[in-house]
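S.K.: This is what each chain is made of:
Protein chains: 2
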Amino acid sequence: MQDRILASQLIGYIGQQVKIEGWLHKKREVSSKLAFLVLRDRTGLVQVVIENEVEIEKLKGAQAGSIITVVGVVNEDARATIGVEIKEPTITVNVEVEEVLPVEIDKPISHDSENFDTLFNYRQITVRSVPERAIFKIKSNTVQAFRQFFWENDFTEIHTPKILAGATEGGTEVFHLDYFGKPACLAQSPQFYKQMMVAAFERVFEIGSAFRAELSFTTRHVTEIMMIDMEMGFIDNHQDVLDMTNRLINYVVNKTWETSAKEFEMWGATKPVLTEKFPQITVKDLHQMYFEATGEDFREEKDTSPIEERWICEYSKEHWGSEAVFVTEFPSASMTFYHMKNEDKPEVAYRADLLFRGVEIATVPMREHRYDKLIEQIKAKGLDPEEEGFKYYVSAFKHGLPKHGGFGMGLERIVQKMIGLNSVKEAILFPRDVKRLSP
Amino acid sequence: MQDRILASQLIGYIGQQVKIEGWLHKKREVSSKLAFLVLRDRTGLVQVVIENEVEIEKLKGAQAGSIITVVGVVNEDARATIGVEIKEPTITVNVEVEEVLPVEIDKPISHDSENFDTLFNYRQITVRSVPERAIFKIKSNTVQAFRQFFWENDFTEIHTPKILAGATEGGTEVFHLDYFGKPACLAQSPQFYKQMMVAAFERVFEIGSAFRAELSFTTRHVTEIMMIDMEMGFIDNHQDVLDMTNRLINYVVNKTWETSAKEFEMWGATKPVLTEKFPQITVKDLHQMYFEATGEDFREEKDTSPIEERWICEYSKEHWGSEAVFVTEFPSASMTFYHMKNEDKPEVAYRADLLFRGVEIATVPMREHRYDKLIEQIKAKGLDPEEEGFKYYVSAFKHGLPKHGGFGMGLERIVQKMIGLNSVKEAILFPRDVKRLSP
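Sequence lines, in order, name chains A and B.
If you use the numbering used here, the first sequence closes out at 427, no skipped numbers anywhere.
If you use the numbering used here, the second sequence closes out at 427, no skipped numbers anywhere.
Take these hints with a grain of salt, some might be off.
One copy or two, it doesn't matter: identical chains are merged, so the pair holds either way.
[As the list claims (entries may be wrong)] The calculated DSS-like cross-link candidates involving lysine-lysine, where the alpha carbons are at most 30 Å apart (straight line), are:
hint, residue 1, residue 2
1, Lys48, Lys265
2, Lys125, Lys243
3, Lys423, Lys170
4, Lys7, Lys265
5, Lys7, Lys367
6, Lys369, Lys46
7, Lys333, Lys259
8, Lys21, Lys367
If you are wondering where the hints come from, they were derived from the structure by calculation, not from laboratory data.
Construct the complete structure from the given sequences, taking the supplied hints into account.
M.R.: Shown next, in the form of structure tokens:
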């Protein structure tokens, strides 16, 4: 049997007879003696020119989606994206689809939020559109780039449970389930586990499912995402964690633009402008700069506001040449118990937020690693360190953890921002939100 | 500041003064003038010889787990695993641990199932034992080897939802949860999703969490695992899927033994003996061979029995030179609706089970890809293809899927079998079973 040749390989077979296989993506009958079909395989689209009545007849009942084999001659064609077309075809219809596709896939599918029901309810169809598929090729390449970086930097991959006895951080917004009669919930984050694992592996990462029961009806919120988590020990200071994060983002952006250039182009995406060392600005300075620029006063706020985040990203792109910025020195008054206070300025915590293209994509803290201080900080929040949700966690500290820090980052958010999609949902094959539980 | 040198790098610094950092793993005071300590970092153990009263004094209150920095001279020592020890040390205790570890970690930790409570309840401590940590280094290297193979063979990584509206396959043994007032459950498998995604990517894989509410009290069953799922389209026949699976297993075993030789050695693990093409035996022939060899008669059974699986693996290792075997031609009478019947022998299905070291590690079928046949087979099981759990799935077929097949394989099972552990639980950092929901 003749070997199958993929669309992307055809340029190497000009003048030769080849066998291609794929989906009937589109067809156009000009006359009983001239027709065109476009075949789609996993690498691209190929046009086939049919000038033979018998072959045209074979496609009569076949709708888009039909599985076909074409044996024909590769003809150079400068107008085609892949540089070639197929002539003198002999066609075999392997699976004949009789019904017309419910969504047209040979033109871009609307990503207006009003069209989300079509986009997601027919995902098994819409993903067949080439630009749609490109989003998930980019996502696949992005997650691989993250892993490659972790791998090259001596991180160990871990897998931690997603069913927990208690809510992490005693938080709300968790999904509850029945575990053989016992109450349980779904993990919002592997944070406690990864910190505990620093004790054996020093540097760990996990890329896995995270669940948040956010009762929000905006187009922004989803309940299930892929979280990229890392944690590294034996740092000298907070800056070490920021440096690693900084290098990671540069690596991922460069790598992904290498592996997915064609796919980014389909979406008109521009490669993020990034400096080798991302600019850093303190919360205080950001408030002040924003006040001076706009007159709007956030100087008494502990946190940054979304509007400031967008503004500083724009400013940074223009003046500092970077679409990524670290905002540093968040007030310790608003910090969580597992963050560490700045030793020189106890009024601020070792916490930085990484902003990218207008949004916060990760909080990058140094953790409190000293057992006594941690216990103190847990109690100061009115929590009980002896409680089931804490006791294993604090035991890891009691028996020695080095200085460490890390972050959790949503894979879909990064992909969304790299491509320039409006909603994180568009970077998820089968999104879950307060109203959407299927397909 | 002097750079930190890791244990594994010290052999390159003989005669030089270096800085090492890590955990105080063990200490032994011979006299007020002679003491030994073992420092553990992420790459191994280093012995430090202390012949100075001041330095010995510094460690007085420090228990195992303390975080220490040692600056000293690298001395060749053929008796040491890493070939060197440290002399003339200056010690800094960065984090002093006062309490004695609840579990001894400088000797192997018992893996008897009676000791599982200690092993798992103190995981934040037990993982610090070097052989214990080795299991999870192997697991990290194994999962990376799987991905590397998929990557090199043009598979796209996908991420599918773990919260579902209905139970996949309408099955039992699912965990139920409350989704904003609507009933939902946790995914047992991404099978339907990956089949649907063949329509865009042809070859897909996912490595993610899978959940089974198995009410079983044996040491074998866990409720949460990492599933390695793949699906490939445009196959010519069932054998194509078996070949890919075959190549994958060979690749993973070879790669993992390259990256984790030291870790396998700690467990006395022997590299699996595998042929390039795994032997294949039909269910019928297996029953017959087993009957002839033992007198025990399973010839009327549709499925293989665990005892036959162990027996044929032993037989295959000895006579065929392979610890992996495909059992083929399962009766179609017992097949699921998504399997395809053998076109030449309709009494059997295109299903093979991959046995490895005595157990089934994957069912590797060719799927029914023809819409009409699939609907027929769903109805024959008394199920309704229009039901929420099926309607998106069957729509993908209605609009064209090529011949395809794939498998789901538990990562932990593979790791367990490669190392030679008794229970799959031992290959999970924080296992979940009917009785265990924390840490």
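S.K.: Where does the structure disagree with the numbered hints, that is, which hint numbers, in rising order?
M.R.: 1, 5, 6, 7, 8
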